[in-house]
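Here are the chains, one letter per residue:
Number of protein chains: 2
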Amino acid sequence: MAASPEPGCPLCHEDGGLLIARYGKFRIIRATGPDAADFPGFYRVVWNEHVAEFSDLAEADQLLCLRAVSAVERVLRDQLAPTKVNLAALGNMVPHLHWHVIARHDWDSRWPAPVWAAPQRAADPQRLAELHARLADCDAAIAATVAQIF
Amino acid sequence: MAASPEPGCPLCHEDGGLLIARYGKFRIIRATGPDAADFPGFYRVVWNEHVAEFSDLAEADQLLCLRAVSAVERVLRDQLAPTKVNLAALGNMVPHLHWHVIARHDWDSRWPAPVWAAPQRAADPQRLAELHARLADCDAAIAATVAQIF
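These protein sequences, in sequence, are chains A and B. Residues 1 to 150 in full-length UniProt numbering are what the first sequence spells out, letter by letter. Residues 1 to 150 in full-length UniProt numbering are what the second sequence spells out, letter by letter.
Watch out, some of these pointers could steer you wrong.
Which copy is meant is left open, so a pair is good if it fits within one copy or across any two.
Unchecked claim - Straight-line distance between alpha carbons at most 16 Å, and here's what the computed EDC-like set of lysine to aspartate or glutamate pairs gives:
(1) 84 x 61
(2) 25 x 61
(3) 25 x 139
(4) 84 x 56
(5) 25 x 78
(6) 25 x 38
(7) 25 x 124
(8) 25 x 106
(9) 84 x 137
If you are wondering where the hints come from, they were derived from the structure by calculation, not from laboratory data. In this text, all values refer to a predicted model and were calculated from it rather than measured experimentally.
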């Protein structure tokens, strides 16, 4: 799609992270860099075309998007055993529709606050390393699960 | 619905805010108290039954839920002219499925960070008062819009 890439929009010009799967209308990426340091199981469903708000999508596309979000959530639950999954479409900084799908654990640095709040404790290097070690399997499971749906 | 209210879960036992509309499977409330002080246009779509994760819902219920979220978002855009709408289903504190639908403005106290981040500036009392003055109309428009869908 990406019928009208927006000048200066990073998600119109880059994947936005490690590419896990790409379809005609959306892609799934795993966050890299600072966003992922404390939260290894941090994925995003990015709508390929530049739209700002979820309600800009036609209902069939909203359903497609949320089926992808739900599929990623389900795999995170199976693979990473999070205490909770957090879903969010914010876009204040990058107003190009993308859904955060984040595995949260009750030992993580911000729990129980959202990942965007101030840290409440130091990250736990051993537990983070254990999660990191599962990410390759998690990536593969997401790609396989989504391929069965779309 | 609320087939199995969970002891101690506030959203199983209270509306969770100012009730705007209630249907068999979900309700729409406007946040009150501290959550709403800096963000007058802060609504929630609360699933009536106690489920923790979005992916716990059957796909037909996911669609129902997201149609409600999208309808609220659309009304907020029409009524409050936000810079951006923020959507989130977190539930770390209250693991009972509820979607935050929040009108954000580029002058608000946390912009462009999420509402859960630390304040970046003082709230603007005059602009907040202007938004507050529109909330009764916004509430009514949400109720009317949702009644046309469900």
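> Where does the structure disagree with the numbered hints, that is, which hint numbers, in rising order?
Replying inline: 1, 3, 5, 6, 7, 8 and 9
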